[in-house]
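2 protein chains.
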Amino acid sequence: MAYVDRGFNSGGGRISPTSAEFARAGIQNDCTLRPARHPQHSVLFYEGDKAERVYELDEGVVMLFKLLPDGRRQVVEILNAGSVFGLSAGEVYDCSAESLTPVKVSTLDRNSLETSPSLQRHVTRCLLSQLETLHDHAVLLGRKSAMERVSTFLMRLVPNRGGFGCVGPTEEAGEDSRSVTLHMTRQEIADYLGLTIETVSRVISEMKRKGLICIDRQDQIRIVNICRVCQMTGMH
Amino acid sequence: MAYVDRGFNSGGGRISPTSAEFARAGIQNDCTLRPARHPQHSVLFYEGDKAERVYELDEGVVMLFKLLPDGRRQVVEILNAGSVFGLSAGEVYDCSAESLTPVKVSTLDRNSLETSPSLQRHVTRCLLSQLETLHDHAVLLGRKSAMERVSTFLMRLVPNRGGFGCVGPTEEAGEDSRSVTLHMTRQEIADYLGLTIETVSRVISEMKRKGLICIDRQDQIRIVNICRVCQMTGMH
Numbered sequence: 001m002a003y004v005d006r007g008f009n010s011g012g013g014r015i016s017p018t019s020a021e022f023a024r025a026g027i028q029n030d031c032t033l034r035p036a037r038h039p040q041h042s043v044l045f046y047e048g049d050k051a052e053r054v055y056e057l058d059e060g061v062v063m064l065f066k067l068l069p070d071g072r073r074q075v076v077e078i079l080n081a082g083s084v085f086g087l088s089a090g091e092v093y094d095c096s097a098e099s100l101t102p103v104k105v106s107t108l109d110r111n112s113l114e115t116s117p118s119l120q121r122h123v124t125r126c127l128l129s130q131l132e133t134l135h136d137h138a139v140l141l142g143r144k145s146a147m148e149r150v151s152t153f154l155m156r157l158v159p160n161r162g163g164f165g166c167v168g169p170t171e172e173a174g175e176d177s178r179s180v181t182l183h184m185t186r187q188e189i190a191d192y193l194g195l196t197i198e199t200v201s202r203v204i205s206e207m208k209r210k211g212l213i214c215i216d217r218q219d220q221i222r223i224v225n226i227c228r229v230c231q232m233t234g235m236h
Numbered sequence: 001m002a003y004v005d006r007g008f009n010s011g012g013g014r015i016s017p018t019s020a021e022f023a024r025a026g027i028q029n030d031c032t033l034r035p036a037r038h039p040q041h042s043v044l045f046y047e048g049d050k051a052e053r054v055y056e057l058d059e060g061v062v063m064l065f066k067l068l069p070d071g072r073r074q075v076v077e078i079l080n081a082g083s084v085f086g087l088s089a090g091e092v093y094d095c096s097a098e099s100l101t102p103v104k105v106s107t108l109d110r111n112s113l114e115t116s117p118s119l120q121r122h123v124t125r126c127l128l129s130q131l132e133t134l135h136d137h138a139v140l141l142g143r144k145s146a147m148e149r150v151s152t153f154l155m156r157l158v159p160n161r162g163g164f165g166c167v168g169p170t171e172e173a174g175e176d177s178r179s180v181t182l183h184m185t186r187q188e189i190a191d192y193l194g195l196t197i198e199t200v201s202r203v204i205s206e207m208k209r210k211g212l213i214c215i216d217r218q219d220q221i222r223i224v225n226i227c228r229v230c231q232m233t234g235m236h
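From first to last, the protein sequence lines are chains A and B. The first sequence begins at 1 in this note's numbering and counts up one residue at a time. The second sequence begins at 1 in this note's numbering and counts up one residue at a time.
Just so you know, the hints here were simulated from the structure itself, not pulled from any lab data. Fair warning: this is a prediction, and the values are worked out from it, not measured in the lab. Just to be clear, a hint being listed does not mean it is correct.
Unchecked claim - Beta-carbon label-pair distances, calculated as ranges: (1) B/E91 <-> A/H236: 20 to 26 Å; (2) A/G71 <-> B/S205: 26 to 32 Å; (3) A/H236 <-> B/P159: 38 to 44 Å; (4) B/Q40 <-> A/R72: 33 to 39 Å; (5) B/E47 <-> A/S118: 27 to 33 Å; (6) B/H41 <-> A/V92: 36 to 42 Å; (7) B/H41 <-> A/S42: 46 to 52 Å; (8) B/I197 <-> A/S177: 37 to 43 Å; (9) B/P39 <-> A/G165: 34 to 40 Å; (10) A/K210 <-> B/C227: 49 to 55 Å; (11) A/L67 <-> B/R228: 21 to 27 Å; (12) B/S177 <-> A/S118: 47 to 53 Å.
Backbone N, C-alpha and C fix where the C-beta goes; we use that ideal spot for every residue, glycine too.
Could you build all of it, start to finish, from the sequences and the hints given here?
Okay, structure coming up:
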């Protein structure tokens, strides 16, 4: 039996902060925590804006991206619930943040963070998780083929499969499929994977032709055999 | 007048932690800080080793890299003095660390970190700096041409030039050159920039032919006109 998963499992299941922890730590020390809801495709901040607020994603999916002056775009991170973002080493945000789904985010004044050791610890854990995901993404962008990139992208949408923590097929013999929601257009996927939109479409068509995936809707793909797609990620 | 710079200025001069601060914070709370010297090309840890120690680089240059099972390598970070590394979200290191020069590193048991708020703050600042450098590197790997990648790499070796903090040429008119030490072989540069060694060599030859650089030694390049190389990074 296939089931629909709507969460984006970045970093192969490594991320495990709880938003409740962030809220607890924040509320105990400071009352500037403000949960807010934003519709899909809301820009939460732009690259270069003054970095006054830190965000935690309570629900939904957010992408962080950077633009080159001539308009080329690179999506640098895809964040799911529990992620902290908007922290900056300098005075301004180093990238822009846009919601890929309707989102619920909590915001905190940057200064509050400095005064709470428990919040510091939570943020450090989140940053480490993001750092490891960025290392994996550098390998993808620098060394993987187009087919490996798209396969890796699809596998990141399947929780508990692929990588060290893989539990293997849990369904009865002969059935190892999963329906995943992309939350991203072909252009956004291309900008995340360092490819052109034509290459993304070509690879998806090729995977469909080989019987590896079915396209249920434009943004929903059924992975017919998870292990076979996993074997195409370059990690085997 | 050109001068020789031997430091690797990762992240456009954003990083500004002091190793003294790390030492102070560590020593005040725990006496497990152990400075040690290692020669060039020492592996400090391998991907998959148990992540028991956190490192701070006091002197020298370290690269972090990941390997795919078939041997393809991606250098994911180049770290210079002041950087903290070896922190892991999980039980094991997610990448390997190798010295590119003779290095001096301080090590700290991972548990000590949890108990020191000042060390936490210092580590958070370092992680944020690394996160921003990784965002920039994702743009390089995902969207930049070979010429733009090599130019960006060279400009990162020139402190205070390029990007928001650029002070412009400081020498008298007509002279804006700088000699930089690469600390890396052509293969290591290729593995950092997501290129083949042939492409790196071709681009360096092309830059030499155009009069943008002179090759003083295999690992030392003189940038003849910094602004001209800067204009080829894709950031203008």
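Tell me the hint numbers this structure goes against, listed in increasing order.
Of the numbered hints, all hold.
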